[in-house]
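In order, the protein sequences belong to chains D and E.
Each residue of the first sequence is one higher than the one before, starting from 2 at the first, in this note's numbering.
Each residue of the second sequence is one higher than the one before, starting from 2 at the first, in this note's numbering.
It cannot be assumed that every hint is accurate.
Identical chains share a label here; the pair holds if one copy fits it or two copies do between them.
Claimed, not checked - As a list, the in silico DSSO-like pairs of lysine-lysine whose alpha-carbon atoms are at most 27 Å apart: (1) 21 / 207; (2) 257 / 320; (3) 11 / 29; (4) 158 / 320; (5) 21 / 114; (6) 29 / 320; (7) 180 / 21; (8) 288 / 316; (9) 29 / 114; (10) 11 / 114; (11) 158 / 185.
Simulated from the structure, these hints should not be mistaken for lab results.
Since the structure is predicted, the reported quantities are computational estimates derived from the model, not experimental observations.
2 protein chains.
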Amino acid sequence: MEIRELGEFKLIERILRQFKTDSPDVIKGIGDDASVTRLDDSRCLLTTTDMLLEGIHFSLLYVPAYLLGKKAVSVSLSDIAAMGGMPKFLLTSVAVPGNISTEFMDLFYRGVKERADEFSMPLIGGNTSSSNGGVIVEVIVIGEALTAEVVYRHGAKPGDIIYTTGFLGDSALGLKIWKARGDKPVTDPFMRDAMLEHIDPVPRVKEGRLIAERKIATAMTDISDGLILDLRHLADESGVGARVYVSEIPLSTAMKRHIINNPDGIMLSLTGGEDYELLFTAPPDMKTMIEELSKEVNLPITAIGEMVQIEEGLKVIDKEGAELKIFNEGFEHFKSYENQN
Amino acid sequence: MEIRELGEFKLIERILRQFKTDSPDVIKGIGDDASVTRLDDSRCLLTTTDMLLEGIHFSLLYVPAYLLGKKAVSVSLSDIAAMGGMPKFLLTSVAVPGNISTEFMDLFYRGVKERADEFSMPLIGGNTSSSNGGVIVEVIVIGEALTAEVVYRHGAKPGDIIYTTGFLGDSALGLKIWKARGDKPVTDPFMRDAMLEHIDPVPRVKEGRLIAERKIATAMTDISDGLILDLRHLADESGVGARVYVSEIPLSTAMKRHIINNPDGIMLSLTGGEDYELLFTAPPDMKTMIEELSKEVNLPITAIGEMVQIEEGLKVIDKEGAELKIFNEGFEHFKSYENQN
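Based on the sequences and whatever the hints tell you, model everything.
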């Protein structure tokens with residue numbers, strides 16, 4: 002059987018089964034946004050790694066070297082944010098063809114440095130290699146947290162409210178515009194915002210820390226593969242079901258405009274991925290604290306549904322109150338790309 | 002300017018300059034076999050990452066999936082060994098084309114698991130991705146050490162003796178045979194050993210730990226790029242010169258036989274790389290302790306030269322006592338490959 006028939010998530014399940022560990026130092030291994038390992042009696046280490054490949058995860062047609070560096074760091078920072086952790090150290094491996102210019106590398110590392118500096122995170126290692134394919138970037142972020150404060154994908158309970166930070170779908174919309182525009186300039190400032198959202202996402206590190214510190218969330222993850230797919234992972238890990246209301250999804254002006262002419266456009270918010278917003282669940286009595294947090298960080302935090310009994314499964318309810326069937330919940334590697342956003 | 006004109010090491014220097022850090026948590030950042038960061042008053046964390054690309058670092062014509070997994074882990078373990086550390090956790094990212102078989106992945110992870118289990122090192126994370134080029138593997142090993150015991154590339158002094166574990170050149174000789182053999186079977190058992198040495202190197206973790214614990218070495222690194230190039234890095238970091246005697250290089254039976262018919266064959270031991278042996282320096286009065294260690298671990302540890310004043314530079318002395326000029330000291334990425342071993 003080929004990997005593309007199995008798909009990414011079944012592959013990960015296979016790996017998981019093979020690598021079960023009973024090490025007392027491993028608090029959470031494979032299967033969350035970052036691994037959690039014991040540091041001492043109160044602290045733990047968070048480790049996450051992401052590989053970005055040209056032609057799969059990004060195109061140099063849309064992403065300039067500087068923003069590629071910045072985004073690569075953001076993607077891994079988002080995983081630390083999703084655990085409620087504090088980023089500490091950065092490692093970056095880069096493989097590039099020999100004909101890439103030194104200017105490209107300088108700009109790439111300038112982007113890496115800018116994002117790393119924002120979070121006082123020194124680059125402590127990595128490696129450089131030649132590639133006979135395209136540009137390949139691996140970013141590793143090591144973070145720290147108080148073990149009692151870490152928020153996992155598991156922990157959500159029926160009755161918990163589902164929240165998301167920011168707006169959903171802009172990154173996927175932005176990518177769509179990048180692909181469609183050819184050499185025509187895009188003048189609509191809102192659409193330009195969405196394009197920027199795709200190539201320069203902001204990791205929600207501060208927000209993740211506050212959510213963890215104040216013990217607001219019962220479960221949390223970031224939206225990288227797409228809202229519905231990431232919610233499914235969170236629901237599965239928690240052993241519960243979920244219900245999301247399309248009418249409640251927070252949309253930017255760009256997405257609202259896009260949907261006027263494209264009734265199916267909402268799918269970008271549900272399954273588009275790469276939003277790098279935080280998706281978390283919290284008991285109903287956390288409502289006021291969440292509203293206060295939202296004001297404090299000046300970022301919308303929106304209730305979009307609730308967790309339900311596992312028997313109800315995961316349902317998306319459209320504006321008419323009917324169930325919206327979703328055939329492709331988000332991005333999965335190895336599955337044939339034509340069917341994906 | 003293109004990266005291939007600059008070369009890997011000048012590129013790393015550029016990155017180093019850009020990313021200087023004064024964080025009190027960073028004991029050693031970029032520029033050693035692994036980064037060293039503060040854990041608490043006595044312990045530190047060691048982190049290393051290596052990216053292996055099909056067509057650059059390995060060929061699936063020679064390396065079966067199972068040994069690729071095993072070797073990828075060994076390469077990073079060797080970096081932890083070179084610091085005298087204890088491996089703790091493993092993360093692996095893998096990108097493969099969608100038409101790779103699930104059997105390939107199962108075998109690859111079986112190899113990863115076998116080597117990881119030998120060192121009681123659980124796999125705690127990583128990711129899987131599709132690739133539109135070949136197979137790409139990134140291995141991250143997180144280790145631990147007592148801060149006072151870590152051995153760096155710096156620290157060697159004039160008068161220190163240079164030692165290497167094991168035999169040098171077998172990996173490069175093995176690769177040569179793999180490339181040359183076509184579909185002809187290799188029957189010479191010694192040459193078969195060299196071929197295996199290339200695809201299944203043993204990381205010297207135990208030896209590195211003992212060298213560190215007993216405070217034998219003043220400086221240490223592993224031989225991955227080639228003896229002379231790795232020695233140059235160690236000498237540069239220590240601010241001293243070095244003198245290596247060709248007649249003292251430890252050679253396996255395979256290498257000895259190879260040299261009989263190929264007088265230049267010794268270059269494989271000097272610059273071939275991928276030996277994954279430990280190269281370290283120690284004061285002359287450590288001789289007895291090193292001999293005892295060698296017996297204890299049942300592995301040759303051979304004095305091959307001595308560190309000298311920086312003004313003398315790095316010299317390789319041939320069997321006639323003359324200086325051997327070496328134009329290509331080892332493997333450097335981006336430099337044109339035709340000139341490399």
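Structure-based check of all given hints:
no.	hint	verdict
1	21 / 207	between (32 Å within a copy, 25 Å between copies)
2	257 / 320	within (15 Å within a copy, 79 Å between copies)
3	11 / 29	within (19 Å within a copy, 39 Å between copies)
4	158 / 320	within (25 Å within a copy, 75 Å between copies)
5	21 / 114	between (36 Å within a copy, 11 Å between copies)
6	29 / 320	neither (38 Å within a copy, 56 Å between copies)
7	180 / 21	neither (42 Å within a copy, 38 Å between copies)
8	288 / 316	within (23 Å within a copy, 72 Å between copies)
9	29 / 114	between (29 Å within a copy, 18 Å between copies)
10	11 / 114	between (36 Å within a copy, 18 Å between copies)
11	158 / 185	neither (49 Å within a copy, 63 Å between copies)
When each numbered hint is compared with the structure, violations occur for hints 6, 7, 11.
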